[in-house]
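Taking the hints into account, I'd like the entire structure generated from these sequences.
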Amino acid sequence: MSLAHRGRLPAVDPAICRNSIHAAIRASLDPLQVEAFLTALATRSHVAASTQNQALCAILFLYRHVLKVDLPWLENIVRAVRPRRLPVVLTVDEVRCVLAELAGVPWLVASLLYGSGLRLHEGLTVRVKDLDFARRELVVRNGKGQKDRVTLLPESLRDPLVGHLTRLREWFENERRQKRPGVSLPFALAKKYPAASVSWGWQYLFPSASICADPYSRLPVRHHLHPGTVQRGVARAVRAAGLAKPASCHTFRHSFATHLLDSGYDIRTVQELLGHSNVKTTMIYTHV
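My numbering applies: residue 1 is where the sequence shown begins, and numbers increase by one.
Some clues are possibly wrong.
Said to hold, decoys possible - No farther apart than 20 angstroms at their CA atoms in a straight line, the calculated lysine-lysine pairs in the PhoX-like style are these: (1) K147 <-> K129; (2) K245 <-> K147; (3) K129 <-> K192; (4) K144 <-> K280.
Derived by calculation from the structure, the hints in this document are not laboratory data.
Structure, rendered in structure tokens:
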């Protein structure tokens with residue numbers, strides 16, 4: 001089309017185009033067809049519940065936020081059932097065997113996962129200021145659901161952690177003398193207190209050996225240790241220990257909860273230590 005011809009075309013109203021497209025989509029999507037599609041995922045394709053939920057969420061988003069239409073008729077679909085599986089739990093002796101096959105930082109991370117009941121990400125994002133040796137507590141920042149909580153800091157890890165902090169402080173002072181980049185920070189904090197990235201308290205307990213670009217500012221920062229480093233170490237340790245159980249880093253958290261309940265801890269206390277919103281989630285450990 002020539003520029004002269006294009007100039008004679010009438011102006012197009014974006015709202016009219018958008019409304020026309022929405023009307024076309026609504027006309028082509030029959031409620032019965034949508035119901036049949038979602039039901040078939042569960043009854044014919046036998047997909048996992050999470051897969052069907054993804055499809056359902058996509059359709060809900062299309063209707064509610066794009067087409068601005070409610071979907072009360074979606075209540076009739078057959079939902080895929082999420083299988084209820086008991087968590088893998090190690091005995092105390094099995095935990096000792098696995099930890100005995102680890103050394104250095106991977107050993108300390110795994111010991112903290114078990115001793116404090118942490119998720120792997122929570123363990124790797126611990127900062128120096130989160131440790132309270134006097135109260136034997138560890139503060140978990142921005143756990144699952146963006147919630148903070150306080151959990152146990154085992155006395156058995158006091159000396160290993162103090163030794164690790166001593167070495168980390170020497171390394172930190174050398175980093176500052178060389179004016180190396182600081183650690184990554186929560187976005188809001190990085191904007192308000194950028195100097196926190198080079199303060200001792202905000203340093204990661206397990207920093208990465210390399211510098212990377214911050215995903216928000218694109219500035220060079222030091223992140224925490226990569227999860228794969230610990231995951232690979234634990235996988236090798238499980239094999240070396242000769243365990244038949246499919247244990248992973250998260251198994252230490254399951255074992256922490258189960259062993260506390262076995263030793264007489266109240267279910268509500270364990271719930272708080274794990275950071276569960278609903279005690280029903282914690283109750284699964286009573287059936288292991």
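Results of checking the hints against the structure:
Of the supplied pair hints, the one linking K147 and K129 holds, its CA atoms being roughly 17 angstroms apart against a limit of 20 angstroms. Restraint check: the Cα-Cα separation between K245 and K147 comes to about 31 angstroms, which exceeds 20 angstroms; the hinted pair is violated. Restraint check: the Cα-Cα separation between K129 and K192 comes to about 18 angstroms, which is no more than 20 angstroms; the hinted pair holds. A distance of roughly 16 angstroms separates the Cα atoms of K144 and K280; the hinted pair therefore holds under the 20 angstroms criterion.
Of the hints listed earlier, the one the structure fails to meet is number 2.
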